Amino acid sequence: MQSPFSRRNGLKGVLGIAALTTLAACGGGDDGGSGSGEGGSGDSGGDVVVNGTEPQNPLVPTNTNEVGGGRLLDSLWAGLVYYKADGSPEMDVAESIESTDAQNYTIKIKSDQTFSDGTPVTAKSFVDAWNYGALGTNAQLSSYFFEPIEGYEAVQAEPPTAQTMSGLAVVDDTTFTVKLVQPESDFRLRLGYSAFYPLPESAYSDIAAYGENPIGNGPYKLREQGAWQHNVRIDFVPNETYGGPREAQNDSLAFIFYETYDAAYSALQGGDLDVLDNIPSSALLTYRDDLGDRAVNQPAAIFQSFCIPEGLAGFGGEEGKLRRQALSYAFDRAAVCKAIFNDTRTPAKDFTSPVIAGYSETIPGNEVLSYDEAQAKQLWDQANAIAPWNGSTFTIAYNTDGDHQAWVDAVTASIRQVLGIQAEGRPYPTFSQIRTEITNRTIEGAFRTGWQADYPALYNFLAPLYATGAGSNDGDYSNPQFDALLQQAAGTTDEDQSNAILQQAQTILFSDLPVLPLWYANASGGFGEQANDVEFGWNSVPLYYQITKS
Amino acid sequence: MGWYIGRRLLQMVPVFFGATLLIYALVFLLPGDPILALFGDKPVSETARATLTAQYNLDKPFIVQYLLFLKGIFTLDFGQSFSGQPVIDQITRAFPVTIKLAVVALVIEAVFGIVFGFIAGLRRGGIFDSTVLFLSLIVIGIPVFVLGFLGQYFIGVKWGIVRSTVGGDPALVDLLLPGAVLGALSFAYVLRLTRNSVAEGLSADHVRTATAKGLSRPRVMTVHVLRNSLIPVVTFLGTDLGALMGGAVVTEGIFNVPGVGNLLYQSVIRQEGPTVVSVVTILVLVYLVANLVVDLLYAVLDPRIRYV
Chain H
1 MQSPFSRRNG LKGVLGIAAL TTLAACGGGD DGGSGSGEGG SGDSGGDVVV NGTEPQNPLV
61 PTNTNEVGGG RLLDSLWAGL VYYKADGSPE MDVAESIEST DAQNYTIKIK SDQTFSDGTP
121 VTAKSFVDAW NYGALGTNAQ LSSYFFEPIE GYEAVQAEPP TAQTMSGLAV VDDTTFTVKL
181 VQPESDFRLR LGYSAFYPLP ESAYSDIAAY GENPIGNGPY KLREQGAWQH NVRIDFVPNE
241 TYGGPREAQN DSLAFIFYET YDAAYSALQG GDLDVLDNIP SSALLTYRDD LGDRAVNQPA
301 AIFQSFCIPE GLAGFGGEEG KLRRQALSYA FDRAAVCKAI FNDTRTPAKD FTSPVIAGYS
361 ETIPGNEVLS YDEAQAKQLW DQANAIAPWN GSTFTIAYNT DGDHQAWVDA VTASIRQVLG
421 IQAEGRPYPT FSQIRTEITN RTIEGAFRTG WQADYPALYN FLAPLYATGA GSNDGDYSNP
481 QFDALLQQAA GTTDEDQSNA ILQQAQTILF SDLPVLPLWY ANASGGFGEQ ANDVEFGWNS
541 VPLYYQITKS
Chain W
1 MGWYIGRRLL QMVPVFFGAT LLIYALVFLL PGDPILALFG DKPVSETARA TLTAQYNLDK
61 PFIVQYLLFL KGIFTLDFGQ SFSGQPVIDQ ITRAFPVTIK LAVVALVIEA VFGIVFGFIA
121 GLRRGGIFDS TVLFLSLIVI GIPVFVLGFL GQYFIGVKWG IVRSTVGGDP ALVDLLLPGA
181 VLGALSFAYV LRLTRNSVAE GLSADHVRTA TAKGLSRPRV MTVHVLRNSL IPVVTFLGTD
241 LGALMGGAVV TEGIFNVPGV GNLLYQSVIR QEGPTVVSVV TILVLVYLVA NLVVDLLYAV
301 LDPRIRYV
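Sequence lines, in order, name chains H and W.
For the first sequence, full-length UniProt numbering begins at 1 and goes up steadily by one.
For the second sequence, full-length UniProt numbering begins at 1 and goes up steadily by one.
Do not rely on the hints blindly, as some may be mistaken.
[Unchecked claim] Just some of the chain W residues that point at chain H, by a computed CB distance under 8 Å:
1. P31
2. F39
3. T51
[Claimed, not checked] On the chain W side, residues computed to face chain H include the following (Cβ under 7 Å):
4. L52
5. T165
6. G253
What the hints contain is simulated information worked out from the structure, not anything from laboratory work.
Quick caveat: nothing in here was measured; it's all calculated off a predicted structure.
Note that the Cβ used here is the ideal one computed from N, Cα and C, for glycine as well.
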């Protein structure tokens, strides 16, 4: 159709309207929008920007058990010991931690230690904080850390029969003693974990308000009151009252909270971020090309497995042992790590992690982790000779809000092919849902499990997961021989000897296979062109205090 | 007019109760235990579980939880999230950001949609018209997240024209790219609506009369064609504001905008019923108010429509 109007006039009217609307929009938007100049590349050189996630809880050491809050705590607080990059403990606030029987400990702290508000850090700061964390009515997420201490049962009773643990005693300003229920030789190693950090006296009057603007004794403090902008960022500056070994090398440290790692990765590429501690699965194939020698990929203290519960039909007794081993031989861990995870997982060789002191990849029995179709078939047939397989489908349950579907599909496909049985994944929409069914023991079939160490010790990978009746023993595994070895290791003050016993304990696990070890998750991350001295710790969290920026 | 507004406001009451009850029921029925999710893989002690369950009323029956929630709303107490933050604080932080983003998207889609649609309508059948129609079809066909990632990668990362992610307290310029992505889908609809409406308007009797009367062309164009053509467009834009606020979930995730979508996503993951319901309730209210404003604008744009 022919337009009755000339082009010029028609356009003029339209442009007029457009210009007016645009102006109005700019005027309206500018009122609230301007004034955020920070976050770009500063000139001072030392302002380091790293990724984080919004902490689930107020920043109280005993009430934070996830990595988003944990990494902030480790910068704001100093514990009795800290962990070097390789996981070995060094003294931080402690002067000495002594014990002759692995059950009674005398802890001396350095004198003239202070919190960032100037109040002194004393023996009482530790004892009170631990008692607060252990008391059942305070419902702290990390209260189970105090379980080894004498008197824990009383403060956890319902209602509590005591307000403080009998095993803790203040001797003087810089000395306190700890009495454990039974010997635990790696107790000193645990003391670097955030649950054992001290609290200032002022914290207890309003713990929620304290958690919002925490005062610690670590290398950093909050930039100011309200520096925690929820869901957005939190800003730290060096704490000048801290005189320990982890002194901040940068001028400031900002954690930007990202909803997804995809967004964080884009920010790293765009130069808005200096260090990223995790690569999103969408970038796994490309990140090493994108980042070159600024890409990080190293094993971490994360062990992944799938659990076949003891009660599952066909998996008990001698028959069950054979079936578990057959399944373990029936898929290729290395191939899955390469094809699905682009080598950001390391095939498992044991039940712990290569970054832990005492790790061994030559534990007798670990050949069951190799891929051997013939062996798998033979073991399965042996099991069938005892009692024929009931013909049901072997399932592995997983939560779809994590990166699990791909490997579950690959592993079950391989099992189908090698053993000639039906096998498939069983997806659950959320982590919370699968946890509920696991905890209530209503879950059917096998299910994925994983363990991230709380502190760098072999014992931490074994006792909470496979000891009879332990808190995270999701498959209800029980073997008195294994329990006895754990106890023996705990009572041995010599570290090497203790680790040798724990390796011996693992040979039992390899024969029983309560879970099938899969792989160790790597710390995969990267850093920007301006970031220097980026090093990832044993727990795959970067050592923020030593990062500088050129 | 006053009665009309009053009646419309009254209509919001059953919608409000219906929507909140429905959403609360849905969140409540979600399988899984939020307390377990809070603890992750680590063990939960019985005392801690009992304390937390009582603290968040999780031990009470569904209808009691809902009534307690309503009671809270009417006393302007939206409760606390599991992390101990008042929900109202989370909301007052997140909403301004999303509103800003939605308005940027709305302005972008309105300005470009109306301008291009108007030109296309004037030259129906021409090259410009065909091209624009074809391109808008492509835009409708591409999912928002694809558009978002492409825009982020090329404009943000590769060419470095804008920051690739937004972060807190965003400046207007930071919101242009996410806003454009968010508004892209509706932009195509606005364009097509305007174009058809203008094309129809050109052949209308009153336009012919106005031209015959000897009115200047720009005046005929703006007052007689465009103004009438805008009625369906304004209706669409009004209801779209509500949709934009809700639809920001994906866009906010890609560009890391700490707004309502972000908050909603986190709260659903953590099964924080009160937060989810509060946020959605406010979204419902925004939607209702936007609809009301649209209806009132009718009267302004079209003198024939009068509410008695």
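Here is what the structure says about each hint:
1. For W/P31, the shortest C-beta to C-beta distance to chain H is roughly 5 Å, which falls under 8 Å, so the interface hint holds.
2. Using the Cβ-Cβ criterion of 8 Å, the hint placing W/F39 at the interface with chain H is satisfied: the shortest such distance is roughly 6 Å.
3. Interface hint at W/T51: satisfied, since its Cβ lies 4 Å from the closest Cβ of chain H, which is below the 8 Å cut-off.
4. Hint status for W/L52 relative to chain H: holds, with the closest Cβ pair at about 5 Å, below 7 Å.
5. At a threshold of 7 Å, the smallest CB-CB gap from W/T165 to chain H is about 4 Å, leaving the interface hint in force.
6. For the restraint placing W/G253 at the interface with chain H, the shortest Cβ-Cβ distance is roughly 5 Å, inside the 7 Å limit, so the hint holds.
Hint compliance for this structure: no hint is broken.
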